Amino acid sequence: MIIKNIETKIRLATFIAGASLTAALLMVVAVSFFAYKQVGNARKSVYILDANNVPISARQTDVEVNRPVEYRTHINLFHSLFFTLAPDDKFIEYQMKKAMYLIDESGALQYNNLREKGFFNSVLSSSSVLTIQTDSIHLDPANKYFRYYGKQTIDRRSSTVVRTLVTEGYLRDLEMRTENNGHGVLITRWKTLENKDISYVQKNNF
1 MIIKNIETKI
11 RLATFIAGAS
21 LTAALLMVVA
31 VSFFAYKQVG
41 NARKSVYILD
51 ANNVPISARQ
61 TDVEVNRPVE
71 YRTHINLFHS
81 LFFTLAPDDK
91 FIEYQMKKAM
101 YLIDESGALQ
111 YNNLREKGFF
121 NSVLSSSSVL
131 TIQTDSIHLD
141 PANKYFRYYG
151 KQTIDRRSST
161 VVRTLVTEGY
171 LRDLEMRTEN
181 NGHGVLITRW
191 KTLENKDISY
201 VQKNNF
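Each residue of the sequence shown is one higher than the one before, counting from 1 in full-length UniProt numbering.
Hints are computed from structural coordinates only; laboratory data are not their basis. Some clues are possibly wrong.
DSSO-like cross-link-like pairs, simulated, lysine-lysine; straight-line CA separation at most 27 Å [what the hints assert, rightly or not]:
| # | residue 1 | residue 2 |
| --- | --- | --- |
| 1 | 98 | 203 |
| 2 | 203 | 151 |
| 3 | 90 | 117 |
| 4 | 37 | 117 |
| 5 | 117 | 97 |
| 6 | 144 | 97 |
| 7 | 191 | 90 |
| 8 | 98 | 196 |
Label pairs and their computed distance ranges (CB to CB) [what the hints assert, rightly or not]:
| # | residue 1 | residue 2 | range |
| --- | --- | --- | --- |
| 9 | 168 | 22 | 21 to 31 Å |
| 10 | 196 | 137 | 44 to 54 Å |
| 11 | 89 | 68 | 35 to 45 Å |
| 12 | 189 | 28 | 15 to 25 Å |
| 13 | 198 | 76 | 17 to 27 Å |
| 14 | 194 | 89 | 42 to 52 Å |
| 15 | 32 | 115 | 56 to 66 Å |
| 16 | 203 | 69 | 51 to 61 Å |
Just so we're clear, the structure is a prediction, and the values are computed from it rather than from any experiment. Cβ coordinates follow ideal geometry from the N, Cα and C atoms, glycine included.
With the hints as constraints, model all of the structure from the sequences given.
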């Protein structure tokens, strides 16, 4: 009888110990989960000091909400830099240098091709001024794919030419933003799909 009572007490003690351990583990998991959520919510909040040095909570917009807008701005900025040129070799060099921070080697490849074909020399020799106007940007954020539609105006001494411009590429998020790449995005696999004249106006040279 005594032995049975001892066995019963041991089983009871074992059960209580196991239940206590399980409850403790569940409590730790629950606390960890809520702490993680709390930290995540805290990271979405910023605090601003008012005139009396009193912190005021301000909600920080989720990065993903504004990402498509940043993608479009990045794409537009790159095309503006790459296709806006003046008959000044220093200006061309500056534009290309700034543009190359926004794109991978596919941008450098197109730049080198244009340079080898004498395109930039022709801009200098003909005193051409090139400007770009964005018509629209088709963006697929899920696949990080874009297609750019624009018009490029080439204003020479003897004529003014307007060309359609259609390019496409992909986007890659970078781990950090820099002064030269404020959006933290890199254009990849960029190529020109269309670049043809749609208007040609001869100037009167007197």
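Evaluated hints:
1. Distance check on the hinted pair: residue 98 and residue 203 sit about 33 Å apart at the alpha-carbon level, beyond 27 Å; violated.
2. For the hint linking residue 203 to residue 151, the alpha-carbon distance of about 20 Å falls within 27 Å, and the restraint holds.
3. Of the pairs offered as hints, the one joining residue 90 and residue 117 holds, with about 19 Å between alpha carbons and a cut-off of 27 Å not exceeded.
4. For the hint linking residue 37 to residue 117, the alpha-carbon distance of about 57 Å lies beyond 27 Å, and the restraint is violated.
5. A threshold of 27 Å between alpha carbons decides the hint, and for residue 117 with residue 97 the separation of about 19 Å falls inside it, so the pair holds.
6. The suggested pairing of residue 144 with residue 97 holds, with an alpha-carbon distance near 24 Å, which does not exceed 27 Å.
7. Proposed proximity of residue 191 and residue 90 is supported: the alpha carbons are some 25 Å apart, at most 27 Å.
8. Taking the CA atoms of residue 98 and residue 196, the gap is about 26 Å. The hint holds against a cut of 27 Å.
9. Separation of residue 168 from residue 22 is about 57 Å and departs from the stated range, judged on CB atoms against 21 to 31 Å.
10. For residue 196 and residue 137, the Cβ-Cβ distance of about 20 Å falls outside the hinted range of 44 to 54 Å, so the restraint is violated.
11. Between residue 89 and residue 68 the C-beta distance comes to about 37 Å, which sits within the given range of 35 to 45 Å.
12. At roughly 47 Å, the beta carbons of residue 189 and residue 28 sit outside the given window of 15 to 25 Å.
13. At about 21 Å, the CB distance of residue 198 to residue 76 agrees with the hint of 17 to 27 Å.
14. Between residue 194 and residue 89 the Cβ separation comes to about 28 Å, which falls outside the hinted range of 42 to 52 Å.
15. In this structure, residue 32 and residue 115 meet the distance hint of 56 to 66 Å, their C-beta atoms being roughly 57 Å apart.
16. For residue 203 paired with residue 69, a C-beta distance near 40 Å fails the hint of 51 to 61 Å.
In terms of the numbered hints stated before, the structure departs from hints 1, 4, 9, 10, 12, 14, 16, listed from lowest to highest.
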